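Participant: Given chain A's structure and the hints, the job is docking chain B onto it.
For the protein sequence lines, the chains are A and B, in the order given.
Residue 1 is where the first sequence starts when you use the working numbering, and the numbers rise one by one after that.
Residue 1001 is where the second sequence starts when you use the working numbering, and the numbers rise one by one after that.
Hints listed in this document are in silico derivations from the structure and should not be mistaken for laboratory results.
Taking lysine to aspartate or glutamate and the DMTMM-like style, the derived pairs with C-alpha atoms no more than 20 Å apart in a straight line are:
1) K1066/B x E72/A
2) K392/A x D1099/B
3) K1013/B x E72/A
4) K13/A x E116/A
5) K344/A x D1099/B
6) K66/A x E1072/B
7) K1344/B x D99/A
8) K1013/B x E54/A
9) K1392/B x D99/A
10) K1013/B x D73/A
11) K1013/B x E53/A
12) K13/A x D1073/B
13) K1028/B x E27/A
14) K1066/B x D73/A
15) K13/A x E1072/B
16) K1066/B x E1053/B
17) K66/A x D1073/B
Some residues of chain B that are not near chain A, with every Cβ distance over 10 Å (derived):
18) A1160
19) T1185
20) D1192
21) G1195
22) Q1208
23) D1219
24) H1231
25) R1270
26) F1292
27) S1334
28) E1337
29) A1359
30) T1424
31) V1428
32) A1437
All figures in this text were calculated on a predicted structure; none of them were measured in a lab.
The beta carbon of each residue, even a glycine, is placed where N, CA and C say it ideally should be.
Protein chains: 2
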Amino acid sequence: MSESPLITPRTLKGFRDYLPAAMLQREKVIATAQRVYRSYGFSPIDTPALEFEEILLGKGGEETDKQMYRFEDAGGRRVGMRFDLTVPLARFAAQHIADLGTPFKRYHIATVWRGENTSRGRYREFMQCDFDTIGTTAVAADIETGLVIHDLFHALGFDAIAIRVNNRQVLTGMLEKLGLADRATAILRALDKLGKIGREKVADEMMQVAGATASQADDVLRLSELKGSNHEVLAAVENLLDGNERGLAGAARLREVLGGMAAAGVPDERVKLDVAIARGLGYYTGVIFETFLDELPDIGSVCSGGRYDNLAELYTKQQLPGIGASLGLDRLLSAMEELGRVAKVATPAPVFIPFFDGARLHDYLRLARGLRSHGLGVEVYPEPKKLGQQLKYADRRGCKLAVILGSQEFEGAKCQVKVLATSTTHEVDLAAPGGGAWNAEVAAEKLAAKLAELLAAG
Amino acid sequence: MSESPLITPRTLKGFRDYLPAAMLQREKVIATAQRVYRSYGFSPIDTPALEFEEILLGKGGEETDKQMYRFEDAGGRRVGMRFDLTVPLARFAAQHIADLGTPFKRYHIATVWRGENTSRGRYREFMQCDFDTIGTTAVAADIETGLVIHDLFHALGFDAIAIRVNNRQVLTGMLEKLGLADRATAILRALDKLGKIGREKVADEMMQVAGATASQADDVLRLSELKGSNHEVLAAVENLLDGNERGLAGAARLREVLGGMAAAGVPDERVKLDVAIARGLGYYTGVIFETFLDELPDIGSVCSGGRYDNLAELYTKQQLPGIGASLGLDRLLSAMEELGRVAKVATPAPVFIPFFDGARLHDYLRLARGLRSHGLGVEVYPEPKKLGQQLKYADRRGCKLAVILGSQEFEGAKCQVKVLATSTTHEVDLAAPGGGAWNAEVAAEKLAAKLAELLAAG
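Isolated chain A (complex conformation):
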């Protein structure tokens, strides 16, 4: 075997390995999302990575269909790898909702695959973190979606966020009022580019592609460009929509959502009514959310979602309205890196025990287990190499404290704790009260307290 030529170890274009430091950060964000979603009663589900192609293709002809990884399996079935978590949710809901009952609140954190053009800096394998409330049109679910977004970013350490809220019914009502309802798709597609290409080009596109008049385009843009406090914007929206029932109902819903979020304790300055956001074309029908970091607004929305009328129409006659949102994990992690919020740590264990005295392996292993039973992460170096080499290893991995124990320390029932970042050393007395010889349990308990104190001090 060893005579064969080596195979070059490499990953496919658009795919990545996650090394420890990156993966620790990912697991931390994922665990935070899980905790917040769970605290609201959203339950986890999972669905297969592979599904029948027919299920995933859905409505057909869309960008995602082209990007889907699909093939014939060994049994001759046409299959595909999921490209999002919404299509699998629709299939899942159609299949199981009778057993699950409504409202059904689920989160789903899982990998999806898209054969995208990697030149745009996109990856072909990435993770989505969705939560949805299905089977209710209640405004409480709309409000709660906003609360989850707020609490999620608070838990992630981001209080300086702007949750932008709109309602598709406001835009739809405006188009109805202007007689443009039949050209809604083209108008909204143009409007979605407002932030990128500016007012003039959006108006041009509305006229050229959707056949709007200059005055109609201007009316849509005036609605989208309303500025001021949420109350001022709402009043102006209601004014512009005067006489259109759908639009006014949409504005009233927004009033309820904003009021509910404020009443539940979300600071007013964190929630911003923004009549320009449309979030794509066909899917959303009600309240929509986008979330921006104050420190890095240009990276775009890091958590988006909205209300839809009918989740699973391809698979069931049962109408399933709902609302949900999705954390943009990769975008958020990039942002955290750019903001210097990612610790350069490649180990989950802050405490390091060098294998210093070659005859004392059993004592090191026993002490480490004792420290773990007090909740500490502890790594023991496996070989009695030179202390300097071992400490270099610990330092490079990002361990915080090294517990140095030689025969002298064991005999004196004490140890040296070295703070690796500063090289300061603390001698810790590990003797039982009243003195006495080394006792592993007593030593673990006393040492755990001191290590916890040093870790808390940073």
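Facilitator: Chain B only, in chain A's frame:
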């Protein structure tokens, strides 16, 4: 769209949806494995689900190659879906070990795919939970692997386990001594069936397939069948291997591993020297582990692994010895279900707040957020339906406590807490000290304390 015929919602054969109750249990076991692996300083990594076919095919001709999902991607590359986490680890290590340094301790919890015959009750998509220490031959790493296995099952609530330990060098030494070294594969393949087909048939196979004499087969089986305390078995092994250096070194290593695990605090009765286990054929070269549940030994090993000489020989000239093991997540979850250890709970939130008074939505939402800030999982029903219907929903999902608040309760600054399993009700005073009107913060704090007390009481 709604006029099109419906697509039948279904999953592929061998693939499963995980509904909330099952998924909550999976997430709990996964989180426990993460916690224990981390406590020893194992760091998480991840690798792509899709790799170049050439990388995954590896040595070729094996069962897993036939079972691999593979296809040509849109760019004309031959690709495959990973069928285990060991081959990706080997590729990963070859590619990154120079940056990571050794020893490198990683865990990897991820989905793998195999187009297996589902009639054997196997799934085509399942999860593996591996941990490995790479780049060291130190016995400390062998001992630690045993400690991790022990602590993992302890954390999962299983103290009644048997960790079976062997060393491939003992078997290899015996075969050398008997002059059967060139037929090791066939002999060990037969020996691996000892538990299933019995002594006689194993001896037959050794004779017919490997060309062993009856006396040789008997010698191998006598070694494998040694009974008694670990010390007795070790002494007998050394006796049988007398004169064979490799075998005696293997026995000495076992003595160190057993001694180290005992010294670190693992109860002796949990670790059992078992000279019969070989764990497959080519891969393992040193100490090997299997783990059995005392309550359900027949389901087989729920955590297995061992030491190998050279992880990544297909991809690099650098020799990378290591040791690792893998939790059999699906097998363990089946066992937990069979043992009645799985709670029938479909929600992560034990506390339920009915939307009882239609005018009080804001108060419910604010109270719920207050309770969450005290660490409680709380679900608010989104619609003001009949109380009985809401409580039925909560009960079916497995919520533990319902907090019932109508206008009378808000006015009196109190509430009713219903224990759903028993229908007993507790009235809780939520007024500020000295009495007074409803105050959301005070109410949340007092209620959180009472709810925590009731949850702790079961």
